[in-house]
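J.: Residues per chain, in single letters:
Number of protein chains: 2
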Amino acid sequence: MCESNVFLKKQDGTETLIMENVAAITPLGTNTFLLKGLLGDRQEITGRIEDINLMAHKIVLVAV
Amino acid sequence: MCESNVFLKKQDGTETLIMENVAAITPLGTNTFLLKGLLGDRQEITGRIEDINLMAHKIVLVAV
Numbered sequence: 001m002c003e004s005n006v007f008l009k010k011q012d013g014t015e016t017l018i019m020e021n022v023a024a025i026t027p028l029g030t031n032t033f034l035l036k037g038l039l040g041d042r043q044e045i046t047g048r049i050e051d052i053n054l055m056a057h058k059i060v061l062v063a064v
Numbered sequence: 065m066c067e068s069n070v071f072l073k074k075q076d077g078t079e080t081l082i083m084e085n086v087a088a089i090t091p092l093g094t095n096t097f098l099l100k101g102l103l104g105d106r107q108e109i110t111g112r113i114e115d116i117n118l119m120a121h122k123i124v125l126v127a128v
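If you read the protein sequences in the order shown, they are chains A and B. The first sequence begins at 1 in this note's numbering and counts up by one. The second sequence begins at 65 in this note's numbering and counts up by one.
So that you can see chain A by itself, here it is in the shape it has in the complex (with noise of 0.2 Å):
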């Protein structure tokens, strides 16, 4: 399975698990997404994009 996990990066550099099992990211607006998880589960996300990595199934945002 291909889902990621994402994750939140703050000021001090810290990251937090924010949504495992994230199946699709839809943008809302700037700097914020809709996090859709594979058992149908859904969380809005605040912050910029900083990393998509498929391969570590890890996508990395920075608070912003």
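Misleading hints may appear alongside valid ones.
Stated by the list, open to error - Derived pair list, reagent style EDC-like, types lysine to aspartate or glutamate, alpha-carbon separation capped at 16 Å:
(1) A:LYS58 to B:GLU67
(2) A:LYS9 to A:ASP51
(3) A:LYS58 to A:ASP12
(4) B:LYS122 to B:GLU84
(5) B:LYS122 to A:GLU3
Unchecked claim - To give a feel for the contact side, a few chain A residues facing chain B, derived at Cβ under 7 Å:
(6) CYS2
(7) SER4
(8) ASN21
(9) ALA23
(10) ILE25
(11) PRO27
(12) GLY29
(13) GLU44
(14) THR46
(15) ILE49
(16) ASP51
(17) ILE52
(18) LEU54
(19) MET55
Said to hold, decoys possible - A short list of chain A residues far from chain B (calculated; beta carbon distances all over 10 Å):
(20) THR32
(21) ILE45
(22) ASN53
Calculated directly from the structure, the hints in this document are not laboratory data. Here the structure is a predicted model, which means the values were calculated and not measured. Glycine included, every Cβ here is placed at the ideal spot set by N, Cα and C.
Since the structure of chain A is already known, use the hints to place chain B on it.
T.: The following block gives chain B in isolation, referenced to the frame of chain A:
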């Protein structure tokens, strides 16, 4: 494998395949992204992310 195909959507709605087997995507600036391929190939693309669908292995950017 979890690479995705990256498409660029034009104003008329048509989608063009820009790069296959993309392993990572890193923003370089506003509306500019560096696509990194599984085999080390790299390509810059200008656009705004419209949708990231990890299950469909499809990432769509819109031309700006």
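J.: Can you name, in rising order, the numbers of the hints this structure does not satisfy?
T.: When the structure is compared with the hints, numbers 3, 8, 12, 13, 14, 22 turn out to be violated.
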